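**Q** Heads up: the sequence shown runs through residues 0 to 317, numbered per numbering that gives the first Met the number 0.
In short, the hints are calculated from the structure, not lab data. Treat the hints loosely; a few may be bogus.
In silico BS3-like cross-links for lysine-lysine, where the CA-CA straight-line distance does not exceed 27 angstroms [claimed, not checked]: (1) Lys279 - Lys264; (2) Lys303 - Lys316; (3) Lys95 - Lys278; (4) Lys166 - Lys74; (5) Lys166 - Lys151; (6) Lys95 - Lys316; (7) Lys74 - Lys178; (8) Lys303 - Lys178; (9) Lys247 - Lys278; (10) Lys166 - Lys218; (11) Lys264 - Lys303; (12) Lys166 - Lys4; (13) Lys218 - Lys151; (14) Lys95 - Lys303; (15) Lys178 - Lys166.
Pairwise CB distance ranges, derived in the manner of DEER restraints [said to hold, decoys possible]: (16) Glu258 - Glu1: 31 to 41 angstroms; (17) Asp302 - Gln70: 40 to 50 angstroms; (18) Gln9 - Arg162: 30 to 40 angstroms; (19) Thr6 - Ala233: 30 to 40 angstroms; (20) Leu141 - Glu117: 34 to 44 angstroms; (21) Lys264 - Pro132: 16 to 26 angstroms; (22) Ala85 - Gly161: 33 to 43 angstroms; (23) Ala51 - Pro142: 40 to 50 angstroms.
Bear in mind that the values here come from a model prediction, so they are computed numbers and not experimental data. Don't be surprised by glycine CBs; every beta carbon is placed ideally from N, CA and C.
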Amino acid sequence: MEQIKHTYVQVNGLKLHVAEIGSDSSPAVVFLHGFPEIWYTWRHQMIAVANAGFRAIAPDYRGYGLSDIPQQPEKTLFADLVNDTASILDSLAISKVFVIGKDFGAMVGYAFALFHPEKVAGIITLGVPFLPPGFHESHQSLPEGFYIRRWKEPGRAEADFGRFDAKTVVRNVYIMFSKSEIPIAGENQEIMDLVDPSVPLPSWFTEEDLSAYGDLYQKSGFQTPLQVPYRSFAENVGSPQQGVDDPKVEGPALLIMGEEDYVFKFPGMEEYLKSGEVKKYVPNLEIVYLPQGCHFVHEQFPDKVNQLILDFLTRNKY
Numbered sequence: 000m001e002q003i004k005h006t007y008v009q010v011n012g013l014k015l016h017v018a019e020i021g022s023d024s025s026p027a028v029v030f031l032h033g034f035p036e037i038w039y040t041w042r043h044q045m046i047a048v049a050n051a052g053f054r055a056i057a058p059d060y061r062g063y064g065l066s067d068i069p070q071q072p073e074k075t076l077f078a079d080l081v082n083d084t085a086s087i088l089d090s091l092a093i094s095k096v097f098v099i100g101k102d103f104g105a106m107v108g109y110a111f112a113l114f115h116p117e118k119v120a121g122i123i124t125l126g127v128p129f130l131p132p133g134f135h136e137s138h139q140s141l142p143e144g145f146y147i148r149r150w151k152e153p154g155r156a157e158a159d160f161g162r163f164d165a166k167t168v169v170r171n172v173y174i175m176f177s178k179s180e181i182p183i184a185g186e187n188q189e190i191m192d193l194v195d196p197s198v199p200l201p202s203w204f205t206e207e208d209l210s211a212y213g214d215l216y217q218k219s220g221f222q223t224p225l226q227v228p229y230r231s232f233a234e235n236v237g238s239p240q241q242g243v244d245d246p247k248v249e250g251p252a253l254l255i256m257g258e259e260d261y262v263f264k265f266p267g268m269e270e271y272l273k274s275g276e277v278k279k280y281v282p283n284l285e286i287v288y289l290p291q292g293c294h295f296v297h298e299q300f301p302d303k304v305n306q307l308i309l310d311f312l313t314r315n316k317y
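Between the sequences and the hints, there should be enough to build the whole structure, so can you do that?
**A** Here you go:
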């Protein structure tokens, strides 16, 4: 871990934190985290790709981790994260890159690929595939206590999270999201109350890991993370070159899904993947399912995921 260097890049009026390892002259890989994550979630993958001759770059989004919090976090957009990614790569003089996105980082990564197809050598996503316009409307069929619906509601999650320190919030979310069931609270229950304090962390996530996350969320708070992704799902980040209803990512693509990932239970998700409908939007997509894998497969099974990533990078090396 000590070989990973930490720098700051001034882009779009903010100082954004970037973790990096590998030679400047090597093919570049940008890692885009999800929630409740930060750059640190990619610790296993960054070292593996650097050892294989690639340059690994993992930013903290604006309002996350060590990056600056925007003046008005509640106005942050998905488009801001896409533009920040492009600006970071420009500032590092990187003209072509592999994109790896986890959770909603997949949405940022695919939007980047739609806007900048000439810059993307290939895209890998974990836990979330390419989602077509309007896919999130299917959430309406889930109960009122569905975590995304609760976190969309201004003030609700702030009050819920505010009862605990940042480390406990991250701990609870990691435990919830590691299960195979969608987190849904009862009518008179808050999302944080779904986790019993006596439940241990997953075996692959240590107290040291939790502290790394907790310290940084203590700094950043949760206002920007609640805005993007949870309060921004309706935003359309379509490519200017393509119709909003017909986005297409033509390059090489890989989706890695744990078979026990709760995202499979989202309405329409399993059919969308297994019927091949997803390939209407990403025609060159390969899908790999990892047995026993949860939503955090890259931390749960780092060796397996690293091998899949390295195989993909090597096949599509530019």
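**Q** With reference to the structure, classify each hint as holding or not holding.
**A** Here's how the hints hold up against the structure:
Note on Lys279 and Lys264: the hinted pairing holds, with a Cα-Cα distance of about 21 angstroms set against a maximum of 27 angstroms. Annotation: proposed proximity of Lys303 to Lys316 holds, straight-line Cα distance about 20 angstroms (limit 27 angstroms). Of the supplied pair hints, the one linking Lys95 and Lys278 holds, its CA atoms being roughly 24 angstroms apart against a limit of 27 angstroms. At most 27 angstroms may separate the alpha-carbon atoms for a hinted pair to count; Lys166 and Lys74 meet this at roughly 25 angstroms.
Proximity of Lys166 to Lys151 is assessed by CA-CA distance (about 21 angstroms); at most 27 angstroms being required, the pair is judged to hold. With a CA separation close to 11 angstroms, the supplied pair Lys95 and Lys316 stays within the 27 angstroms bound. Note on Lys74 and Lys178: the hinted pairing is violated, with a Cα-Cα distance of about 31 angstroms set against a maximum of 27 angstroms. Pair hint Lys303 plus Lys178 holds up; C-alpha atoms about 20 angstroms apart against a cutoff of 27 angstroms.
Taken as a hint, the Lys247 and Lys278 pair is honoured in the structure, with Cα atoms around 9 angstroms apart against an allowance of 27 angstroms. For a cut-off of 27 angstroms, the pair hint linking Lys166 to Lys218 stands: about 11 angstroms separates their Cα positions. At roughly 23 angstroms between alpha-carbon atoms, Lys264 and Lys303 fall within 27 angstroms of each other, so this suggested pair holds. Proposed proximity of Lys166 and Lys4 is supported: the alpha carbons are some 24 angstroms apart, at most 27 angstroms.
Restraint check for Lys218 and Lys151: satisfied, since their Cα atoms lie roughly 22 angstroms apart, inside the 27 angstroms limit. Straight-line distance between C-alpha atoms of Lys95 and Lys303 comes to about 26 angstroms, which keeps the hinted pair within the 27 angstroms bound. Between Lys178 and Lys166 the alpha-carbon distance is near 19 angstroms, which keeps this suggested pair within the 27 angstroms criterion. Take Glu258 and Glu1: their Cβ atoms lie about 35 angstroms apart, and the range 31 to 41 angstroms holds.
At roughly 42 angstroms, the beta-carbon separation of Asp302 and Gln70 lies within the given 40 to 50 angstroms, and the hint holds. Checking the proposed 30 to 40 angstroms range against Gln9 and Arg162 shows it holds: the Cβ atoms sit about 36 angstroms from each other. Checking the proposed 30 to 40 angstroms range against Thr6 and Ala233 shows it holds: the Cβ atoms sit about 34 angstroms from each other. Between Leu141 and Glu117 the beta carbon distance is about 38 angstroms. The supplied range of 34 to 44 angstroms therefore holds.
Separation of Lys264 from Pro132 is about 22 angstroms and conforms to the stated range, judged on CB atoms against 16 to 26 angstroms. Checking the proposed 33 to 43 angstroms range against Ala85 and Gly161 shows it holds: the Cβ atoms sit about 34 angstroms from each other. The hinted window of 40 to 50 angstroms between Ala51 and Pro142 holds, with their beta carbons roughly 45 angstroms apart.
Violated hints amount to a single one, hint 7; each of the other numbered hints is respected by the structure.
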